[in-house]
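Chemist: Residue numbers (the working numbering), protein chains in the order written: chain H, 350 to 685; chain W, 350 to 685.
Rather than coming from a laboratory, the hints here were simulated on the basis of the structure. All figures in this text were calculated on a predicted structure; none of them were measured in a lab. Each hint should be verified, as a subset may be incorrect.
Have a look at the derived ranges for each label pair, beta carbon to beta carbon [stated by the list, open to error]:
hint: 1; chain 1: W; residue 1: A402; chain 2: H; residue 2: A532; range: 31 to 37 angstroms
hint: 2; chain 1: H; residue 1: A448; chain 2: W; residue 2: S500; range: 50 to 56 angstroms
hint: 3; chain 1: H; residue 1: N667; chain 2: W; residue 2: V590; range: 51 to 57 angstroms
hint: 4; chain 1: W; residue 1: T405; chain 2: H; residue 2: R554; range: 47 to 53 angstroms
hint: 5; chain 1: H; residue 1: L514; chain 2: W; residue 2: D416; range: 22 to 28 angstroms
hint: 6; chain 1: H; residue 1: A448; chain 2: W; residue 2: T628; range: 55 to 61 angstroms
hint: 7; chain 1: H; residue 1: G470; chain 2: W; residue 2: G489; range: 31 to 37 angstroms
hint: 8; chain 1: H; residue 1: E525; chain 2: W; residue 2: D528; range: 33 to 39 angstroms
hint: 9; chain 1: H; residue 1: L584; chain 2: W; residue 2: D672; range: 20 to 26 angstroms
hint: 10; chain 1: H; residue 1: D389; chain 2: W; residue 2: S500; range: 41 to 47 angstroms
hint: 11; chain 1: H; residue 1: T511; chain 2: W; residue 2: E525; range: 52 to 58 angstroms
hint: 12; chain 1: W; residue 1: R554; chain 2: H; residue 2: E465; range: 55 to 61 angstroms
Some residues of chain H that are not near chain W, with every Cβ distance over 10 angstroms (derived) [to be verified]:
hint: 13; residue: Y411
hint: 14; residue: I418
hint: 15; residue: A488
hint: 16; residue: H494
hint: 17; residue: S500
hint: 18; residue: E517
hint: 19; residue: L581
hint: 20; residue: P597
hint: 21; residue: K602
hint: 22; residue: D661
hint: 23; residue: N667
Even for Gly, the Cβ is constructed at its ideal location relative to N, Cα and C.
There are 2 protein chains.
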Amino acid sequence: MGGSCQCRNRIVASLLVAIFLAVAGGFSAFAQEPLPSWNDTAAKSRIVDFVKATVTEGGQGYVSPEDRIAVFDNDGTLWTEQPYYTELAFAFDRVKTLAPQHPEWNSKQPFKGILEGDIKGAAKGGERGIVDLVEATHAGMTTDHFNDIVSNWFATAKHPKTGKLWTEMTYLPMRELLDYLRANGFKTYIVSGGGVEFMRPVTKRLYGIPPEQVVGSTIATEYALNDDVPVLNRLPKIEFVDDGPGKPAGINKFIGRKPIFAAGNSDADYEMLRWVTATKPGFAMIIHHTDGQREYAYDRQSAFGKLDKALDEAENRNWLVVDMKADWKKIFAFEQ
Amino acid sequence: MGGSCQCRNRIVASLLVAIFLAVAGGFSAFAQEPLPSWNDTAAKSRIVDFVKATVTEGGQGYVSPEDRIAVFDNDGTLWTEQPYYTELAFAFDRVKTLAPQHPEWNSKQPFKGILEGDIKGAAKGGERGIVDLVEATHAGMTTDHFNDIVSNWFATAKHPKTGKLWTEMTYLPMRELLDYLRANGFKTYIVSGGGVEFMRPVTKRLYGIPPEQVVGSTIATEYALNDDVPVLNRLPKIEFVDDGPGKPAGINKFIGRKPIFAAGNSDADYEMLRWVTATKPGFAMIIHHTDGQREYAYDRQSAFGKLDKALDEAENRNWLVVDMKADWKKIFAFEQ
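Make a model of the complete structure from these sequences and hints.
Modeler: Encoded structure:
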């Protein structure tokens, strides 16, 4: 009887060990402190408090998993947007590649300026110039071909100041934030003014965000048969601009429900932040570029990522302003 | 020693039982035969063979989980489209509700015909009439308000022939197919010519498909402030028609990658089926409405869901044609 009892105890003990190991394995993600590249400032606390509230069943801030939608602007929020947008660097390179087939570009802005390295001259083309540039560099091929062009460009194109690949210019604290939200049941989306098909080839690798969770500006595509093979041709026609007031419209169109978390860094995110925080428990954060040493310091006067109105209203609207210099231990993964 | 050995054996046995129970629990979804409302015909076999191949690691047909995207047309593929589209029934009811505010409708098609019960007269408005109808009944309110209007309509509106709620007019075998695909790691989408915001309020409940996995036609929305509260207003302007050649374009725009499985029932799905099956392992199926007793029998001559060209080419293109009468044990859940 003593042996049998001891044996039962050992069975119980071995089962308890098995259960413990299973539980410990399942929860290992929670064992380490979240957001390791964030300093222990109020910004981090506010984020963690919000996320904890959304997952605390029975609590006032609880949100069911299917409604845990988080949206992130891309340029200046997830990766650098200085000295100009990544997609603009791509467009510049495309202009240089395509120039031999377009002699007329030598006398037409913005192409002339781009080819002569005179960006200020190129900027004189204004909004019409930007439309011309997008249509000249982003259309006139199939979607598959454009995907290849973009993927090849990202494989080698480098940032003009750091000499790092553009794909290395992502913010480590934001990648940690994406991971942290997903570990807590959030579905993470990009909502960017950038072209949706420019971002999709790299978002999974850079941010863990699959193509179907990227919302962006679109140009029209047209179904056609190439030698009887169905393809989609990219037309030189901007279809939807997912920027400013277009961001809530884009979210509504692509996702079909309102996020509870939104991150941006410029006035182009203002309407999105307003819309998301108009209903509870909407949480909004603004990345404020305050670190001229490790990245760039800019806000109200910047040509790219101008942050003015949203910064003025942030405090009253209870939007978290993240001070990159003070709140982030590390900005880029490649930093020492 | 004998006792200790027996004890070890019992520990091993109890662990094996624990593991067995865990495994059995995890795989209980596979314990029952899939697609119970399908007859044991070639159609069912082809679907099951395809799905098994996509999940068999190391096999020739294996597809990684993230690429297991399946798209379904809605009208005539997931729910009935006769004697007219569900959304048209909704539009008719909206016209009747709004008529007192629009005396001009008494002399203008398609409104006149709708109000007088003269659908043939209404149809004389042609394509322009349809656009007018959509814009008159689907715009001029916020997205939240439209969501409420649609939800309320679905709660009570009934099919003119069966007297069942429109939401009961879904095909049970197709709901089983959606479940079966999801149980095998597929992400299921609707890709419909219908309005995306007309479908989203009910797709989760009817099909287990969340709002962000519904692709459809869109009308433009505009961000605005109502008493300083941000809203999206639905404008009387059709933005994108997700039908025919628009379906591959819509998939590319919303999802950003090509599905490996597509189901449709009419020539409006033709380009989608061509595009999906242009690359391996693309699988396509067509629901052929052959059951005039239990549902409706129609194809080449139908005003709604005309199936002609796609039916002609199905065999040569290796598209599975599902014969509703022969292949489905039950069409609607409410059948005896």
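Chemist: Determine for every hint whether it applies to the structure shown.
Modeler: Outcome of the hint check:
1. With their beta carbons about 33 angstroms apart, A402 of chain W and A532 of chain H fall inside the hinted range of 31 to 37 angstroms.
2. For A448 of chain H paired with S500 of chain W, a C-beta distance near 55 angstroms keeps the hint of 50 to 56 angstroms intact.
3. Against the hinted window of 51 to 57 angstroms, the Cβ-Cβ separation of N667 of chain H and V590 of chain W comes to about 41 angstroms, which falls outside the hint.
4. At roughly 27 angstroms, the beta-carbon separation of T405 of chain W and R554 of chain H lies outside the given 47 to 53 angstroms, and the hint is violated.
5. A beta carbon spacing of about 26 angstroms between L514 of chain H and D416 of chain W agrees with the range 22 to 28 angstroms that was offered as a hint.
6. Range check, A448 of chain H to T628 of chain W: about 34 angstroms between beta-carbon atoms, so the 55 to 61 angstroms window is missed.
7. One distance hint, 31 to 37 angstroms for the beta-carbon pair G470 of chain H and G489 of chain W, is violated here, with the actual separation near 46 angstroms.
8. Separation of E525 of chain H from D528 of chain W is about 36 angstroms and conforms to the stated range, judged on CB atoms against 33 to 39 angstroms.
9. In this structure the hint that L584 of chain H and D672 of chain W lie 20 to 26 angstroms apart at CB is violated, the actual value being about 39 angstroms.
10. Roughly 45 angstroms separates the CB atoms of D389 of chain H and S500 of chain W, a value that falls within the hinted 41 to 47 angstroms.
11. A hinted range of 52 to 58 angstroms holds for the C-beta pair T511 of chain H and E525 of chain W, which are about 54 angstroms apart.
12. Under the hint 55 to 61 angstroms, the C-beta atoms of R554 of chain W and E465 of chain H, about 60 angstroms apart, fit the expected range.
13. Look at Y411 of chain H: its CB is around 19 angstroms from the nearest CB on chain W, clear of 10 angstroms, so calling it non-interface holds up.
14. A beta-carbon of chain W is positioned within 10 angstroms of the beta-carbon of I418 of chain H; the least distance is around 8 angstroms.
15. Distance check for A488 of chain H against chain W: the nearest CB is about 14 angstroms away, which clears 10 angstroms, and the non-interface claim stands.
16. For H494 of chain H, the requirement that its beta carbon stay farther than 10 angstroms from each beta carbon of chain W is met, with the minimum near 13 angstroms.
17. The claim that S500 of chain H is not at the interface with chain W holds, since no C-beta of that chain comes within 10 angstroms of its own (minimum 14 angstroms).
18. No Cβ of chain W approaches the Cβ of E517 of chain H within 10 angstroms, the least distance being about 23 angstroms, so the stated non-interface status holds.
19. A Cβ of chain W approaches the Cβ of L581 of chain H within 10 angstroms, the least distance being about 5 angstroms, so the stated non-interface status is violated.
20. Distance check for P597 of chain H against chain W: the nearest CB is about 5 angstroms away, which does not clear 10 angstroms, and the non-interface claim fails.
21. With a least CB separation of 6 angstroms from chain W, K602 of chain H falls inside the 10 angstroms interface cut-off, contrary to its annotation.
22. The Cβ of D661 of chain H sits about 16 angstroms from the closest Cβ of chain W, beyond the 10 angstroms cut-off, so the non-interface label holds.
23. Against the 10 angstroms criterion, N667 of chain H stays outside the reach of chain W, whose nearest CB is about 15 angstroms from its own CB.
Of the numbered hints listed earlier, those contradicted by the structure are 3, 4, 6, 7, 9, 14, 19, 20 and 21.
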